[in-house]
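> Sequence:
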Amino acid sequence: MSGNTVTYQTALAAERSGPTRDAAVAPSRAARELGLKRSEFDLAVRLGRIRTVPHDGGGGRRVPRDEIDRVRAADGFPEGLRAGVRTVGTTEGAALMDVTKARFTRLARLGLLVPVRFYVNRYRAVVWLYLAEELRRFTADERNAALLEGRTPAALRDQLGEGLDLRPRNWRGRHLGFLLRQAADGPWARAAAVASLLDPAEVSDVVTDPCERSHLRRFWPAPAAHGSPGSPAA
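Mapped onto our numbering, the consecutive letters of the sequence shown carry residue numbers 2 to 235.
Heads up, some of the hints might be wrong.
[Unchecked claim] Label pairs and their calculated CB-CB ranges: (1) A147 - D70: 41 to 47 Å; (2) R191 - R138: 26 to 32 Å; (3) V89 - G112: 17 to 23 Å; (4) L198 - R125: 20 to 26 Å; (5) R191 - V128: 26 to 32 Å; (6) S205 - D142: 40 to 46 Å; (7) N122 - L165: 21 to 27 Å.
These aren't lab readings, by the way, just hints derived from the structure by calculation.
Quick reminder that beta carbons are idealized off the backbone N, C-alpha and C, glycines included.
Using the sequences and the accompanying hints, generate a full structural model.
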């Protein structure tokens with residue numbers, strides 16, 4: 002068999018098999034292929050709805066091709082996926098739960114409604130965002146009926162009067178859970194996940210060795226991106 006024949010047969014086989022697909026793609030490409038805004042995609046990853054894997058070349062995380070196929074094959078795609086990552090603020094959330102904005106805020110400050118995202122508006126005020134599907138579940142649970150109407154129990158009113166606001170702590174707890182799930186590189190990555198939520202001075206107090214702090218920084222997770230609605234980050 003001549004060399005030309007071998008070359009032709011190889012080329013023909015490649016043509017028949019069609020173009021090969023990447024085993025894993027970048028998050029931006031995965032978001033486009035799934036018809037999601039980047040903020041929707043990022044939230045789906047944080048919630049465990051879309052699986053990512055470390056990139057072999059060290060260039061951040063990627064989405065396996067079979068994971069994209071799995072998400073696409075799910076019942077109700079893409080509407081169900083979008084509905085699962087839909088977020089609402091206080092006004093829309095209160096309307097969804099059929100309560101006043103004041104009651105909604107009280108429930109959130111008490112830690113009964115846990116924010117999933119936030120952004121800082123032009124007045125430098127923190128705006129908390131909640132998963133719409135979680136608010137619906139809270140409203141549908143008969144055990145919460147007394148919290149949705151009538152007077153707030155005295156013990157809870159006392160806590161609110163003392164300035165209780167669990168929204169920041171609950172968001173940090175939720176974010177830490179995501180970081181720990183992503184920390185597949187061992188104890189240093191998990192330690193970096195916890196340290197990333199602390200003040201730098203606290204980290205220096207705990208990790209006194211400069212070499213260890215430098216090593217810890219190698220595993221430092223990227224900061225959470227929170228853009229205002231309509232911004233490129235959103």
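> Kindly indicate which numbered hints from before are broken by the structure, ordering the numbers from low to high.
none
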